[in-house]
Amino acid sequence: MKLKIIIIFFLLQLNTINAKVLVADPNIIFKNLRCLICQGQSVADSNSEFAQTLKLVVKDKIREGKSEKEIYEFLIDKYGEWIVYKPPFNKVNSLLWILPYFALLIGGLIIMALVKKRSNR
Amino acid sequence: MKKKIIKSIILLTISFILGIFFIGLNKSSTYNTKDLIGSKISKIQLIQLSENKIITEKELKNNDFTLINFWASWCGPCRDEHPYLLKLSNETKLKLLGVNFKDNKKNAKQFLDNLGNPYDYITTDNSGKQSINFGVYGIPESILIDKDLIIIKKIIGPINKKDFESIKKTIE
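Line by line, the protein sequences give chains A and B. Everything in the first sequence is counted per numbering that gives the first Met the number 0, starting at 0 for the first residue and increasing by one. Everything in the second sequence is counted per numbering that gives the first Met the number 0, starting at 0 for the first residue and increasing by one.
Just so you know, not all the hints are guaranteed correct.
Straight-line distance between alpha carbons at most 20 Å, and here's what the computed SDA-like set of lysine to any residue pairs gives [to be verified]:
| hint | chain 1 | residue 1 | chain 2 | residue 2 |
| --- | --- | --- | --- | --- |
| 1 | B | 6 | A | 120 |
| 2 | A | 77 | A | 55 |
| 3 | A | 116 | B | 2 |
| 4 | A | 54 | B | 6 |
| 5 | A | 77 | B | 2 |
Calculated directly from the structure, the hints in this document are not laboratory data.
With the hints as constraints, model all of the structure from the sequences given.
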């Protein structure tokens with residue numbers, strides 16, 4: 000009996016954990032959306048008509064069960080990539096994504112070479 | 000030799016950074032919808048202003064061209080573009096779909112009574128949510144689509160003489 004209760008409790012716990020992961024957080028989405036009619040403001044920070052409407056649409060999409068990724072895809076389809084602050088990886092912006100890692104690698108190699116040079120001395 | 004290599008690497012890095020700045024600062028930071036031309040409009044569900052009938056893509060597929068115009072009685076620039084919309088309503092190949100945006104029904108009807116009604120269909124978007132489905136972010140805004148619901152033109156702001164002529168040329 001005890002074991003059954005523990006198993007049921009464990010399954011219920013799992014369910015709530017999964018639910019938390021699956022439901023998109025509207026505030027995170029608002030922060031990653033650009034207010035197209037404001038100067039350097041996200042939808043989360045703006046009180047413009049456009050931002051208010053966009054917030055309603057995002058909340059509707061979450062209620063429909065759409066994931067964060069699906070909501071971004073929908074809005075990119077309507078407004079282009081400019082609407083999101085964190086653009087998805089593609090051919091055009093690949094350099095932007097790769098360059099920092101490349102710079103880090105080069106920096107690491109330079110430091111390694113310097114350290115090696117010093118230890119040889 | 001080593002010094003020369005280091006010098007050229009530094010020079011290359013500086014010119015790369017300057018190049019990025021030059022391109023970045025010359026690029027317009029305002030939103031541009033030109034990338035959306037060629038994309039397809041889907042999931043249209045607009046409620047007519049006077050009746051409770053719903054306009055869907057099915058109705059628009061019967062037209063050669065449809066100009067979807069977002070307007071409101073409280074919008075000043077909408078009055079400026081109205082004469083051009085009236086002229087466009089005479090075009091046989093073009094149907095005009097007006098989307099009354101966040102407006103009062105009575106005021107909207109009065110606006111059309113006073114200035115004339117250019118629209119073949121008048122629908123309403125009280126919450127503004129439908130406008131997001133069309134990629135609209137302010138009014139007036141107009142979208143010219145063909146019978147396959149592909150966006151041919153997107154006009155942000157009031158339609159002017161140049162836009163009017165361009166629409167006429169496109170549908171001919």
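How the hints compare with the structure:
1. 6(B) with 120(A): violated (24 Å)
2. 77(A) with 55(A): holds (16 Å)
3. 116(A) with 2(B): Distance of about 16 Å is within 20 Å: holds.
4. 54(A) with 6(B): Answer violated: residue 54(A) to residue 6(B) is near 52 Å, above 20 Å.
5. 77(A) with 2(B): It is violated: about 53 Å lies between the C-alpha atoms, which goes past 20 Å.
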